[in-house]
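Each chain, written out:
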Amino acid sequence: NAGVIQTPRHKVTGKGQEATLWCEPISGHSAVFWYRQTIVQGLEFLTYFRNQAPIDDSGMPKERFSAQMPNQSHSTLKIQSTQPQDSAVYLCASSFSGTGGATEVFFGKGTRLTVV
Amino acid sequence: GDSVTQTEGLVTLTEGLPVMLNCTYQSTYSPFLFWYVQHLNEAPKLLLKSFTDNKRPEHQGFHATLHKSSSSFHLQKSSAQLSDSALYYCADYGSSGNKLIFGIGTLLSVKP
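So the protein lines, in turn, are chains A and B.
No gaps in the numbering here: position 62 of the first sequence is 62 in this note's numbering, and each next residue is one more.
No gaps in the numbering here: position 44 of the second sequence is 1044 in this note's numbering, and each next residue is one more.
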């Protein structure tokens, strides 16, 4: 079990360019989460899929951020017209069921996005 | 709304001294509390979890007791080790029940 895999590990984009981040959840996990990690805000929830369906995107900035899960083996987070304030580590995570309680959430190592 | 508060951004300790990292929460429904640890360039990993009032789970020398009366889930260890240096996050599932709500994190730095 390789765990949650995120690619690329580092990405540098110019201001105004598009960035696409990839996530491969653990096989068999039905829930996939995206978080943004910064020193100031800590781990901020962005969005959540269960069985590939979007369930909760309450943390997503509405205008430039979008996430998809076209199949059970990968999810993407796309940021259009990137801005310097988008610079952060973006973490993907997965779990068996996505419901609360005892369900453990497993994280990937993240993609460090730098917008210059 | 639901939230998790970690009051210390940085805790610096000498090896061998006790560790206590604070965590308090506001939860509309019954809380499910977690501590995650993230070492440098690694993924956050589950350290402890608790859903039961006044129960004390332990792992790798760390323990935390959920006290619903004070809405707290402080992380403790009797003797810090150099390898404990990491970023520690407290989290709660909150009323949504389907996503973890994290605190801002506490960076623990253990020095010889």
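Note that these hints are calculated values from the structure, not bench results.
Check each hint, because a few of them may be wrong.
To be verified - Looking from chain B toward chain A, a few residues come up when the C-beta cut is under 10 Å (computed): (1) Q1006; (2) L1017; (3) Q1038; (4) N1041; (5) E1042; (6) A1043; (7) K1055; (8) R1056; (9) G1061; (10) F1062; (11) Y1089; (12) A1091.
To be verified - BS3-like, lysine-lysine: derived pairs with alpha carbons at most 25 Å apart: (13) B:K1077 x B:K1045; (14) A:K11 x A:K62; (15) A:K109 x B:K1045; (16) A:K62 x A:K78; (17) A:K11 x A:K109; (18) A:K11 x B:K1045.
Said to hold, decoys possible - Reference listing, derived: stretches of chain A covered by chain B, where coverage requires no fewer than 3 residues with Cβ under 8 Å from a Cβ of chain B: (19) 47-60; (20) 108-114.
Glycine included, C-beta positions come from ideal geometry on N, C-alpha and C.
Check each numbered hint from earlier against the structure, then list the numbers of those it violates in ascending order. Of the numbered hints, 2, 7, 8, 9 and 10 do not hold.
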